[in-house]
Every structure is written in structure tokens, then in C-alpha cells.
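Okay, so the sequence shown: first residue is 90 according to my numbering, each after it adds one.
Incorrect hints may appear among the rest.
As a list, the in silico DSS-like pairs of lysine-lysine whose alpha-carbon atoms are at most 30 Å apart [to be verified]:
1. Lys186 - Lys139
2. Lys114 - Lys139
3. Lys139 - Lys182
Derived Cβ-Cβ restraints for the label pairs, each shown as a range [said to hold, decoys possible]:
4. Val99 - Arg184: 15 to 23 Å
5. Glu195 - Ile95: 32 to 40 Å
6. Ala170 - Lys114: 34 to 42 Å
7. Glu142 - Ser117: 25 to 33 Å
8. Pro169 - Lys114: 16 to 24 Å
9. Leu141 - Asp183: 24 to 32 Å
10. Asp112 - Gln143: 17 to 25 Å
No wet-lab data here; the hints were simulated from the structure. C-beta: ideal position from N, C-alpha, C; glycine also.
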Amino acid sequence: MTQEPIFTLVFAPEVIDHLRVIDRKHHSLIRETIAQQLSYAPLELTRNRKPLEQPAPFGATWELRFGANNCFRVFYEVDPAEQRILVLAIGVKDREKLIVGGEEIEL
90 MTQEPIFTLV FAPEVIDHLR VIDRKHHSLI RETIAQQLSY APLELTRNRK
140 PLEQPAPFGA TWELRFGANN CFRVFYEVDP AEQRILVLAI GVKDREKLIV
190 GGEEIEL
């Protein structure tokens, strides 16, 4: 018997554009990792999940890192009262560059 997710995932409309510039072969990894990592304990600090200092990209309060060499970044907010996660952006980090939606984002 599988456990029901505690938090509901909501994706900002811009995330579709962010995914378009990422190779399709990575889309299932991205979907599965977001669901696994954020549905149950999104506020739990881990090696790959951390709160962000403000001002943060996209107004996010948390960042999730995953993939080969932690190349993928997911920026999100948590609404504990509504038990909801709002995914604000998905990008690819290559060394010192973060690319979201085909544009380099200043960190």
C-alpha cells in the first residue's frame, strides 16, 4: 500500500517553458524526483534541499538539487497551511551558470 502525498504539487505556468529547453530524456527524472522529494517533507533540510537566502531567484524560498552532478535545480515555495508546493522554476546548472527557460539567471 502506497502512502498518499501530504502536499499537493502545483506548477507555475512558466515551468512549461522552462521544461521545453531541457532535453525530453530528462523530463521523467524531473517529474519523478519532484514528486518523491517534495510531496512528503518539503521543509526538511537535506543535502540536496535547502532554504534560500532572500532575495532568491523567482521569489522562491526553497531549492531542490538533483540529477547527474546535481545539474537540475527546482525553485519552490511551501504553503504549510494549504499543504501545497508551488514549483516556480526548473533549470539546469552548469558550473557557475544557471539556465532557466533558455536564459542565464543571476545567482
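Do the hints match the structure? See the list:
The straight-line distance between the Cα atoms of Lys186 and Lys139 is roughly 19 Å, inside the 30 Å bound, and the hint therefore holds. For a cut-off of 30 Å, the pair hint linking Lys114 to Lys139 stands: about 26 Å separates their Cα positions. Between Lys139 and Lys182 the CA atoms are separated by roughly 16 Å; this keeps the pair inside 30 Å, and the hint holds. Distance hint for Val99 and Arg184: a CB-CB separation of about 31 Å, inconsistent with the stated range 15 to 23 Å.
Separated by about 34 Å at the C-beta atoms, Glu195 and Ile95 satisfy the suggested range of 32 to 40 Å. As the Cβ distance of Ala170 to Lys114 is approximately 37 Å, the hint placing it in 34 to 42 Å holds. Restraint check, Glu142 to Ser117: a C-beta distance of roughly 31 Å satisfies the suggested window 25 to 33 Å. As the Cβ distance of Pro169 to Lys114 is approximately 34 Å, the hint placing it in 16 to 24 Å is violated.
At roughly 19 Å, the beta carbons of Leu141 and Asp183 sit outside the given window of 24 to 32 Å. At roughly 31 Å, the beta carbons of Asp112 and Gln143 sit outside the given window of 17 to 25 Å.
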